[in-house]
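Here the protein sequences line up with chains A and B, keeping their order. Taken in order, the first sequence gives residues 1 to 508; the numbers are from the UniProt record's numbering. Taken in order, the second sequence gives residues 1 to 508; the numbers are from the UniProt record's numbering.
Careful, some of the hints might be misleading.
Just so you know, same-sequence chains aren't split out, so a pair can sit in one copy or run between any two.
[What the hints assert, rightly or not] With a straight-line Cα cutoff of 25 Å, these simulated SDA-like cross-link-like pairs (lysine to any residue) come out:
#	residue 1	residue 2
1	K327	G225
2	K296	D159
3	K372	G329
4	K495	L485
5	K406	P489
6	K327	V18
7	K470	R17
8	K296	W85
What the hints contain is simulated information worked out from the structure, not anything from laboratory work.
2 protein chains.
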Amino acid sequence: MYLTHALHRGVRYWPDRVLTVDGDRAFTTAESAERVARLAGALHTLGVHEGDRVAIVALNTDRHHELFFGSWWAGAVANPLNTRWSAAEIVYALNDSGSKVVLVDEAFAGIVDRLRAEVDCLEAVVYVGRGEAPVGTLVYDDLVAAAEPVEDARRSGDDLAFLLYTGGTTGNAKGVMITHRSFLTSLLSYQMSGAAVRADGVTMLTGPLFHIGALLGWYAQQLLGGKLVFVPTFSPENAMRTIQEHGVTGCALVPTMIQRICEHPDFGSYDLTSLEFIGYGASATPDSLLALVMEKLPHTQLVHVYGMTETGVLTVLNGPDHRARRKLGSVGRASSVVELEIVDAEGRPVPPGTVGQIVTRGDHVMAGYWNKPEETANAMRNGWLQTGDGGYLDDEGYVWIADRLKDMIISGGENVYSAEVENVLAGHPAVASCAVIGVPDPEWGERVHAIVVLRPGQSVTIDDVRSFVKERIAGYKAPRSLSILDEMPMTGTGKVLKRELRASIAGR
Amino acid sequence: MYLTHALHRGVRYWPDRVLTVDGDRAFTTAESAERVARLAGALHTLGVHEGDRVAIVALNTDRHHELFFGSWWAGAVANPLNTRWSAAEIVYALNDSGSKVVLVDEAFAGIVDRLRAEVDCLEAVVYVGRGEAPVGTLVYDDLVAAAEPVEDARRSGDDLAFLLYTGGTTGNAKGVMITHRSFLTSLLSYQMSGAAVRADGVTMLTGPLFHIGALLGWYAQQLLGGKLVFVPTFSPENAMRTIQEHGVTGCALVPTMIQRICEHPDFGSYDLTSLEFIGYGASATPDSLLALVMEKLPHTQLVHVYGMTETGVLTVLNGPDHRARRKLGSVGRASSVVELEIVDAEGRPVPPGTVGQIVTRGDHVMAGYWNKPEETANAMRNGWLQTGDGGYLDDEGYVWIADRLKDMIISGGENVYSAEVENVLAGHPAVASCAVIGVPDPEWGERVHAIVVLRPGQSVTIDDVRSFVKERIAGYKAPRSLSILDEMPMTGTGKVLKRELRASIAGR
Chain A
1 MYLTHALHRG
11 VRYWPDRVLT
21 VDGDRAFTTA
31 ESAERVARLA
41 GALHTLGVHE
51 GDRVAIVALN
61 TDRHHELFFG
71 SWWAGAVANP
81 LNTRWSAAEI
91 VYALNDSGSK
101 VVLVDEAFAG
111 IVDRLRAEVD
121 CLEAVVYVGR
131 GEAPVGTLVY
141 DDLVAAAEPV
151 EDARRSGDDL
161 AFLLYTGGTT
171 GNAKGVMITH
181 RSFLTSLLSY
191 QMSGAAVRAD
201 GVTMLTGPLF
211 HIGALLGWYA
221 QQLLGGKLVF
231 VPTFSPENAM
241 RTIQEHGVTG
251 CALVPTMIQR
261 ICEHPDFGSY
271 DLTSLEFIGY
281 GASATPDSLL
291 ALVMEKLPHT
301 QLVHVYGMTE
311 TGVLTVLNGP
321 DHRARRKLGS
331 VGRASSVVEL
341 EIVDAEGRPV
351 PPGTVGQIVT
361 RGDHVMAGYW
371 NKPEETANAM
381 RNGWLQTGDG
391 GYLDDEGYVW
401 IADRLKDMII
411 SGGENVYSAE
421 VENVLAGHPA
431 VASCAVIGVP
441 DPEWGERVHA
451 IVVLRPGQSV
461 TIDDVRSFVK
471 ERIAGYKAPR
481 SLSILDEMPM
491 TGTGKVLKRE
501 LRASIAGR
Chain B
1 MYLTHALHRG
11 VRYWPDRVLT
21 VDGDRAFTTA
31 ESAERVARLA
41 GALHTLGVHE
51 GDRVAIVALN
61 TDRHHELFFG
71 SWWAGAVANP
81 LNTRWSAAEI
91 VYALNDSGSK
101 VVLVDEAFAG
111 IVDRLRAEVD
121 CLEAVVYVGR
131 GEAPVGTLVY
141 DDLVAAAEPV
151 EDARRSGDDL
161 AFLLYTGGTT
171 GNAKGVMITH
181 RSFLTSLLSY
191 QMSGAAVRAD
201 GVTMLTGPLF
211 HIGALLGWYA
221 QQLLGGKLVF
231 VPTFSPENAM
241 RTIQEHGVTG
251 CALVPTMIQR
261 ICEHPDFGSY
271 DLTSLEFIGY
281 GASATPDSLL
291 ALVMEKLPHT
301 QLVHVYGMTE
311 TGVLTVLNGP
321 DHRARRKLGS
331 VGRASSVVEL
341 EIVDAEGRPV
351 PPGTVGQIVT
361 RGDHVMAGYW
371 NKPEETANAM
381 RNGWLQTGDG
391 GYLDDEGYVW
401 IADRLKDMII
411 SGGENVYSAE
421 VENVLAGHPA
431 VASCAVIGVP
441 DPEWGERVHA
451 IVVLRPGQSV
461 TIDDVRSFVK
471 ERIAGYKAPR
481 SLSILDEMPM
491 TGTGKVLKRE
501 LRASIAGR
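Can you build the whole structure from these sequences, using the hints too?
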């Protein structure tokens with residue numbers, strides 16, 4: 001299994017179909033392959049050899065597409081970096097990965113000098129933005145135009161394909177090593193599990209291309225034929241306009257993105273009927289949001305995926321389950337060839353209904369963390385990847401996430417799963433979004449604390465919150481204190497930054 | 001990737017659903033898994049250890065299902081043998097594979113003594129047939145009932161899963177080594193290519209379970225949930241009755257089977273509307289037959305698969321292409337992650353339209369021939385499996401089979417592809433089935449010779465045949481001589497035995 005396969009296949013099957021669209025720039029499959037072969041030639045000229053890393057830090061663009069294929073074609077490893085990161089974090093990841101080349105766009109023009117000064121391994125900084133290239137950078141299009149195309153190095157199987165940094169917001173970023181085989185196994189296993197990317201569809205790439213979720217959709221659509229439409233950054237207007245203009249059939253979104261689309265005042269003025277499929281995940285999804293999207297987009301299949309960079313797609317909850325309003329709180333069942341268990345602290349499987357840690361093994365699992373044998377050994381025990389997520393199986397094998405183990409609150413000796421409380425609280429009419437954390441408390445050990453962002457013109461008190469939650473779930477799970485924020489702190493991939501909330505609210 | 005996964009998964013997801021049906025015998029998933037774990041225990045008791053081979057020679061039965069999983073569960077390799085073989089061929093394959101246990105049914109009761117006498121490696125012969133067990137055999141059900149269930153040995157990845165003997169009719173049978181990974185990769189790649197086995201369907205297993213084609217459908221249906229209905233041996237009545245009775249949604253058939261169903265006098269008296277999907281392949285399919293089946297089964301998607309034991313599914317021609325009557329003579333495009341090329345005698349890729357040998361590489365390819373390093377080296381060159389089939393790519397990447405290279409006729413210096421002539425001849429109204437071979441000829445080197453089986457009450461002359469063919473394709477391709485047979489000699493998997501025709505007609 002090797003990832004440049006999709007491009008060779010596309011050239012043989014549909015060379016003249018448009019493959020990539022980015023604003024007013026479009027390339028056919030044959031043009032794209034020609035550019036990739038030239039980019040690989042340029043990378044060789046810049047000193048990139050077999051196994052080397054090549055980075056990109058840019059908003060979503062067709063340059064990502066070309067860089068990923070170009071890296072593999074040159075025999076290298078693609079290292080797309082988180083665009084929400086600080087300059088220090090980017091410098092750290094580039095040094096840690098030993099990337100020889102980095103592509104930057106206009107948003108990162110301001111840090112080029114710093115990259116050149118602080119990242120010794122860099123042979124070149126290449127500018128993929130609009131407007132004039134910053135001093136000290138090479139111009140991407142000139143580089144591609146001037147280079148001679150080279151033969152595909154055809155790395156495959158256990159060779160590294162991606163280095164994907166996670167956890168960067170903590171200062172302890174780890175590079176997750178994804179091989180050609182692990183990426184393709186995850187993708188094939190997911191596709192076999194039912195409703196997913198379809199042949200000859202149009203996939204909109206609005207989720208960030210440094211994230212495994214967007215990468216799987218990006219690749220699957222090519223393997224099956226179809227068009228890729230790159231959207232630099234998410235906004236509800238961008239997404240709706242793109243869906244209408246290009247007849248988008250599928251995309252991957254995080255719940256907050258779906259909510260912002262469905263609640264947008266101009267929702268009704270766009271034709272979104274081409275949209276057959278939304279894959280969503282990456283954070284807990286309130287039932288109220290699912291009800292909303294099924295009402296607003298009645299023709300769209302919803303597919304929940306659960307997984308992480310280290311594993312690709314682990315579980316799938318398919319469209320039909322959504323329409324039947326069946327098991328909506330579950331993340332679904334393990335995808336077709338994924339092995340998944342719930343284990344206790346000693347690694348022994350627990351019976352259905354019992355919460356434990358979700359672990360998984362198989363060809364879909366990462367090869368380890370780059371240059372971090374200790375962290376790798378911690379994450380992989382006897383071949384099982386430790387997800388760090390708590391959850392349980394029901395009697396039909398559906399997985400229910402209890403919580404990130406580190407997000408579990410122990411209050412008065414009771415385990416409180418923040419995700420459960422958040423799911424209830426999200427249904428409160430005044431609440432636009434919410435998070436629940438544990439804060440130190442002299443009486444309870446930890447106390448349940450709610451953070452909410454209110455809908456326009458609404459207000460809420462801690463008593464309102466307590467009684468709303470207590471009417472629905474056990475009283476000990478109800479928040480005992482409340483913060484109201486204007487905006488929820490989020491990661492680049494749409495997850496609530498609980499660590500940041502804890503630091504600011506609980507002082508730890 | 002490991003093959004007992006489907007059973008574990010089934011037990012978790014749908015333990016109480018009926019999984020296997022064989023006549024009046026039915027087992028749920030949980031019952032089936034329990035029996036498999038016991039059978040594995042029994043195999044251990046009989047001396048079967050990690051990596052050992054366990055054989056079965058029987059008409060299709062749920063015992064195949066149990067034996068395959070039981071072998072893997074015990075850490076062993078499943079070795080299902082061709083039921084059309086002579087006793088000598090079966091003895092050869094059992095000795096060659098070193099199988100420790102063989103399961104036989106009533107059709108092979110008569111050779112038990114010979115197996116015991118001539119196969120030294122055998123620890124036990126187990127009887128899976130009806131009626132009284134022959135002397136010297138163990139009774140399958142007693143063995144399973146008496147055994148203690150054991151833990152799954154969970155062989156996986158590059159471990160051997162199947163030993164599948166091919167070419168047995170020639171006396172030079174080779175054991176094709178299929179690993180857990182190669183089997184699953186072929187299956188996932190195929191499923192991703194579109195219309196195929198569907199979730200919660202009912203698969204009828206009427207094609208022989210010693211053949212890779214039937215095995216892939218058998219496994220896919222389990223992984224996706226659903227029911228397996230075993231039919232001991234194919235007849236049009238059996239097939240139609242089973243489809244009606246069990247609401248069969250899919251099956252794999254060879255072209256002659258499809259023809260016999262569609263032309264059966266009782267065709268109209270069965271309800272076949274549940275049948276959504278027929279996968280077919282294994283021999284050339286005349287356009288006239290495809291037209292017939294699309295007319296007779298208007299609700300059924302036809303999917304052509306091309307491949308061989310050594311490779312699993314290589315190419316797929318999907319349902320929509322059939323309905324659009326598009327490229328029907330092609331075998332389709334390479335399945336999603338399969339790498340396929342057409343090469344010349346030196347192994348160099350040839351341009352579209354040029355005939356060469358079809359070669360393939362990737363995780364779907366066999367690990368080699370059992371105990372035959374020389375044959376393996378001949379078949380695998382620089383990682384590419386040499387299929388021995390001649391074919392070409394068109395300008396959309398569809399594969400067209402010219403011929404088995406050894407079946408190509410060179411007549412008067414021109415290459416004649418027997419498949420092309422057969423496709424034309426099959427459309428002759430008097431012809432029920434046909435084959436075309438080359439026979440030695442003093443004038444032409446080889447001359448094109450047709451063998452036909454006539455429809456009832458019809459007759460045909462060599463002049464009829466020549467003029468019918470010459471009206472449709474180049475004159476040098478028209479047969480110069482003709483044999484009329486009552487029945488076409490076929491292999492157990494429905495392929496015309498050209499070697500036998502050559503021996504009897506051309507004297508070689």
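Comparing the hints with the structure gives:
no., hint, verdict
1, K327 to G225, "between (32 Å within a copy, 18 Å between copies)"
2, K296 to D159, "neither (44 Å within a copy, 50 Å between copies)"
3, K372 to G329, "neither (35 Å within a copy, 54 Å between copies)"
4, K495 to L485, "within (16 Å within a copy, 72 Å between copies)"
5, K406 to P489, "within (18 Å within a copy, 69 Å between copies)"
6, K327 to V18, "between (39 Å within a copy, 23 Å between copies)"
7, K470 to R17, "neither (57 Å within a copy, 39 Å between copies)"
8, K296 to W85, "neither (34 Å within a copy, 62 Å between copies)"
The structure is inconsistent with the numbered hints 2, 3, 7 and 8, although it conforms to all the rest.
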